[in-house]
Amino acid sequence: AQTVTQSQPEMSVQEAETVTLSCTYDTSESDYYLFWYKQPPSRQMILVIRQEAYKQQNATENRFSVNFQKAAKSFSLKISDSQLGDAAMYFCAYRSNSGGSNYKLTFGKGTLLTVNP
Amino acid sequence: NAGVTQTPKFRVLKTGQSMTLLCAQDMNHEYMYWYRQDPGMGLRLIHYSVGEGTTAKGEVPDGYNVSRLKKQNFLLGLESAAPSQTSVYFCASSSIFGGARPQHFGDGTRLSIL
Numbered sequence: 039a040q041t042v043t044q045s046q047p048e049m050s051v052q053e054a055e056t057v058t059l060s061c062t063y064d065t066s067e068s069d070y071y072l073f074w075y076k077q078p079p080s081r082q083m084i085l086v087i088r089q090e091a092y093k094q095q096n097a098t099e100n101r102f103s104v105n106f107q108k109a110a111k112s113f114s115l116k117i118s119d120s121q122l123g124d125a126a127m128y129f130c131a132y133r134s135n136s137g138g139s140n141y142k143l144t145f146g147k148g149t150l151l152t153v154n155p
Numbered sequence: 012n013a014g015v016t017q018t019p020k021f022r023v024l025k026t027g028q029s030m031t032l033l034c035a036q037d038m039n040h041e042y043m044y045w046y047r048q049d050p051g052m053g054l055r056l057i058h059y060s061v062g063e064g065t066t067a068k069g070e071v072p073d074g075y076n077v078s079r080l081k082k083q084n085f086l087l088g089l090e091s092a093a094p095s096q097t098s099v100y101f102c103a104s105s106s107i108f109g110g111a112r113p114q115h116f117g118d119g120t121r122l123s124i125l
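In order, the protein sequences belong to chains A and B.
For what it's worth, my numbering labels the leading residue of the first sequence as 39, then goes sequentially.
For what it's worth, my numbering labels the leading residue of the second sequence as 12, then goes sequentially.
If we strip away everything but chain B, and leave its shape as in the complex, we get (with noise of 0.2 Å):
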């Protein structure tokens, strides 16, 4: 089962560079949720969707943008990437049915920018 599946795993960027970080999961999953992971702040929400076509800003959405064209896919971009987000990106999802509906977290990426 791959269920949460966060691409690349590393990367590094230099200052005003721009890139994509996808998250595929395969559970069929509504929502979806993008994460960043700093030392001493826990995981803090950017942005999250609740279903094909829909996105919406988390805690920290400043600097990022999101896409959601298939439900399986959630897209979290860097238009000009800034050393304040390096950081552990993670992505998550949860199904809209169940009592605890708990969230099922990809992997991670660690970003760094120069």
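Looking at chain A on its own, in the form it has when it is part of the complex (with noise of 0.2 Å):
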């Protein structure tokens, strides 16, 4: 079965700076996504980002951006210019695209992200 591990149950950064969440997974398969999902004090699970395994190019979204590491199993998360919006929970997702897995997804444990102003 895949896991999925955050090494860090909370970081903080300074508004306007960057900030690096973690995120190590492990599994036997080769063809899978990756996702970063935020959640904000509303509750809501709002998808970030996602990575597709057979893609070397690490996505971006405006100001997050990943490293995504295949062959270390790592997926790390960039927030750069953090802006208060950014506090919120951040889950590492991983889900296999083998139609078997029935596309279910995996979570890590969470990150709690504090941005100081």
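It is possible that part of the hints are untrue.
Unchecked claim - With a Cα cut of at most 20 Å, we get these calculated DMTMM-like pairs of lysine to aspartate or glutamate:
(1) A/Lys147 x B/Glu70
(2) A/Lys142 x B/Glu63
(3) A/Lys142 x B/Asp49
(4) B/Lys68 x B/Glu41
Don't read these hints as lab results, they were simulated from the structure.
Note that the structure is predicted; figures quoted are calculated from it, not measured.
If you follow the hints, you should be able to join the two separate chains into one complex; please do so.
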């Protein structure tokens, strides 16, 4: 079974600075997707960014980018120019691309990000 | 766009009571999922469905039942609520088509069992 590990229960960053959240995963598969979800205090689960394992280029969405190291099974999230609205719980998630998996998500335990003004 | 709608948003139950959480999606998605979120545990899959009339167990299915009689609805039932089922419950759906097939989440239901 796949596992996702987020080793940083809490992180903090100054407004306008850059922060990196870590995620590692364990899988024997080669075809999969990785996701970062953001959960603000409103409790919504918001998709931040996604990465397909077969794509070598790291995904980028505005101020959010990932460092995907397939061999090391590492998938970190970098938030540049941090804003107060970035304060949230961030979850890393893995999803097999095998139809037999029924596309279930496996989540890490989350990293609580605080943004200091 | 409604997306994924969960009802109710909050509920308090007494031990032994039963209740049903409703999830409705208007995106014509084939896959639907129920998760529970507990502090320090992330989200864990309870049950899921790959289509109307089908359901399957996830990681933590004990104490829950589900039904998917209509494609757009996925119901989660607690037959005899226990304090250990105090949690925030999320429903999600995704399409069978497309590469990433991201899951779209509802806003969650906070359930307290006294």
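Now the hints, each set against the structure:
1. A/Lys147 x B/Glu70: holds (15 Å)
2. A/Lys142 x B/Glu63: Holds, because 17 Å separates the two Cα atoms, which is no more than 20 Å.
3. A/Lys142 x B/Asp49: It holds: about 18 Å lies between the C-alpha atoms, which stays within 20 Å.
4. B/Lys68 x B/Glu41: Since the Cα atoms of lysine 68 of chain B and glutamate 41 of chain B sit roughly 16 Å apart, the hinted pair holds (cutoff 20 Å).
The earlier numbered hints are all upheld by this structure, with none contradicted.
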